[in-house]
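Enquirer: One-letter residues, chain by chain:
2 protein chains.
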Amino acid sequence: MTKGVSIQVIKRLPRYYRFLTELEANGTDRISSNKLAAVMSSTASQVRQDLNCFGGFGQQGYGYSVHNLRAEIGKILGLDRIHSTILIGAGNLGKAIATHLNFEQLGFKLNAIFEKDPKLVGKMLRGITVLPDNDIERYVKDNYVETAILALPKDAVENITQRLYALGIRSYWNFSHYDIAKKYDDVVVENVHLSDSLMTLCYRINELDKSINEEE
Amino acid sequence: MTKGVSIQVIKRLPRYYRFLTELEANGTDRISSNKLAAVMSSTASQVRQDLNCFGGFGQQGYGYSVHNLRAEIGKILGLDRIHSTILIGAGNLGKAIATHLNFEQLGFKLNAIFEKDPKLVGKMLRGITVLPDNDIERYVKDNYVETAILALPKDAVENITQRLYALGIRSYWNFSHYDIAKKYDDVVVENVHLSDSLMTLCYRINELDKSINEEE
Chain G
0 MTKGVSIQVI KRLPRYYRFL TELEANGTDR ISSNKLAAVM SSTASQVRQD
50 LNCFGGFGQQ GYGYSVHNLR AEIGKILGLD RIHSTILIGA GNLGKAIATH
100 LNFEQLGFKL NAIFEKDPKL VGKMLRGITV LPDNDIERYV KDNYVETAIL
150 ALPKDAVENI TQRLYALGIR SYWNFSHYDI AKKYDDVVVE NVHLSDSLMT
200 LCYRINELDK SINEEE
Chain Y
0 MTKGVSIQVI KRLPRYYRFL TELEANGTDR ISSNKLAAVM SSTASQVRQD
50 LNCFGGFGQQ GYGYSVHNLR AEIGKILGLD RIHSTILIGA GNLGKAIATH
100 LNFEQLGFKL NAIFEKDPKL VGKMLRGITV LPDNDIERYV KDNYVETAIL
150 ALPKDAVENI TQRLYALGIR SYWNFSHYDI AKKYDDVVVE NVHLSDSLMT
200 LCYRINELDK SINEEE
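For the protein sequence lines, the chains are G and Y, in the order given. Going by numbering that gives the first Met the number 0, the first sequence opens with residue 0, and the numbers climb by one from there. Going by numbering that gives the first Met the number 0, the second sequence opens with residue 0, and the numbers climb by one from there.
Incorrect hints may have been included.
The list cannot tell twin chains apart, which means a pair is met if one copy fits it or any two copies do.
[Said to hold, decoys possible] With a straight-line cut-off of 30 Å between C-alpha atoms, the simulated DSS-like cross-links for lysine-lysine are:
{"id": "1", "residue 1": "K209", "residue 2": "K182"}
{"id": "2", "residue 1": "K209", "residue 2": "K181"}
{"id": "3", "residue 1": "K115", "residue 2": "K140"}
{"id": "4", "residue 1": "K153", "residue 2": "K108"}
{"id": "5", "residue 1": "K209", "residue 2": "K74"}
{"id": "6", "residue 1": "K181", "residue 2": "K10"}
{"id": "7", "residue 1": "K74", "residue 2": "K115"}
{"id": "8", "residue 1": "K209", "residue 2": "K108"}
{"id": "9", "residue 1": "K34", "residue 2": "K10"}
{"id": "10", "residue 1": "K182", "residue 2": "K34"}
{"id": "11", "residue 1": "K140", "residue 2": "K118"}
{"id": "12", "residue 1": "K153", "residue 2": "K118"}
{"id": "13", "residue 1": "K115", "residue 2": "K182"}
{"id": "14", "residue 1": "K122", "residue 2": "K182"}
{"id": "15", "residue 1": "K182", "residue 2": "K10"}
{"id": "16", "residue 1": "K108", "residue 2": "K181"}
{"id": "17", "residue 1": "K140", "residue 2": "K209"}
{"id": "18", "residue 1": "K153", "residue 2": "K34"}
{"id": "19", "residue 1": "K182", "residue 2": "K108"}
{"id": "20", "residue 1": "K153", "residue 2": "K115"}
{"id": "21", "residue 1": "K181", "residue 2": "K140"}
Hints are computed from structural coordinates only; laboratory data are not their basis.
Construct the entire structure; sequences and hints are all you get.
Expert: Spelled out as structure tokens, the structure:
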């Protein structure tokens, strides 16, 4: 059903899901493509085009059922299947990840946390005791693990990924700049490059300043 | 010079900058578009096309000077101008942001941190004493501030943004799901939606599993 859908459209689906979740929580039953576009700061034609990629859920003149559309997009994203996940790194970034995200609503369950620094081992995060990173092999052999979250500096990630790959882990949420997908061709990786986002902001501030100066 | 360059190309420049920084640190003087493409897991034609948008820095047969190309991209991104920044939120996420990023290399300087929780006020982060969030108005009036980093939950961000906007702050690095650009039309906002990234990973894991099952 989702064959041939571009990654650009896929990348927009979490946003739809997020806004539809809010609409449903606010008690909205149905929504037109115009209104959905307005909520999402998108265009009605973009919304219709995106949703048509998946067979189109709208009824002419009635708009979309918020509940059904949200459920369908959730299914397309696979959020109804929970992936067993471990987090490597319990420093500030790892802590932020462990405490801020509603993993279960996003298709994941965080089951274990590993850390090299002995000062952090044994602490509790999200009700999980942080284990020493030497325990990774034993844990992954004894427990089903699909995904690893890597909240480590780049130089530590190369070695850790080698170990995780050898254990059969093929999906990674990577906060470092180490390019996992370049090394292994049968993995899926989502990278979060915070510094790239900050540089983009820098560019856009300068463009804003230029346009203000031109107006003056 | 950068008029009419699409945001897609702009969004790729931080990546170029990041890889070129590494190449320069490793002592690489010159690089061909083919090799740069290989390092970046891109294609040579994409690389040439992207860099041509800015006037083209390569010499036929000689490739690009890593140092000059990095410097030029840094200038286009405006990293040579440092933007005075404050961070709102010193919880786990704020801590991770304050401690992990090389702001000065990314065009920013973090000058103050504000937090509502009295337990966190007075602590030191990156050599900066965390101030109570009631001090924001006084601080911004006394000090030049261009940018605010919002490491707060969505429900707190609406009110904080109102205060910051009233103080004249027009650029935001936003980690919440509150849509600042929808409310104010003369601001620049870079959003980091970690949950969207995690949902995209979920989708891609399921697609990977399907393709493996089809092969079997």
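Enquirer: Run every hint past the structure and note whether it holds.
Expert: Against the structure, the hints:
no. : hint        : verdict
1   : K209 / K182 : between (41 Å within a copy, 22 Å between copies)
2   : K209 / K181 : between (38 Å within a copy, 22 Å between copies)
3   : K115 / K140 : within (19 Å within a copy, 44 Å between copies)
4   : K153 / K108 : both (25 Å within a copy, 23 Å between copies)
5   : K209 / K74  : between (44 Å within a copy, 14 Å between copies)
6   : K181 / K10  : both (21 Å within a copy, 20 Å between copies)
7   : K74 / K115  : neither (37 Å within a copy, 38 Å between copies)
8   : K209 / K108 : between (46 Å within a copy, 20 Å between copies)
9   : K34 / K10   : both (21 Å within a copy, 28 Å between copies)
10  : K182 / K34  : between (44 Å within a copy, 16 Å between copies)
11  : K140 / K118 : within (25 Å within a copy, 41 Å between copies)
12  : K153 / K118 : within (21 Å within a copy, 32 Å between copies)
13  : K115 / K182 : within (23 Å within a copy, 44 Å between copies)
14  : K122 / K182 : neither (33 Å within a copy, 41 Å between copies)
15  : K182 / K10  : both (23 Å within a copy, 23 Å between copies)
16  : K108 / K181 : within (27 Å within a copy, 33 Å between copies)
17  : K140 / K209 : between (57 Å within a copy, 24 Å between copies)
18  : K153 / K34  : between (43 Å within a copy, 21 Å between copies)
19  : K182 / K108 : within (26 Å within a copy, 34 Å between copies)
20  : K153 / K115 : within (15 Å within a copy, 33 Å between copies)
21  : K181 / K140 : within (26 Å within a copy, 48 Å between copies)
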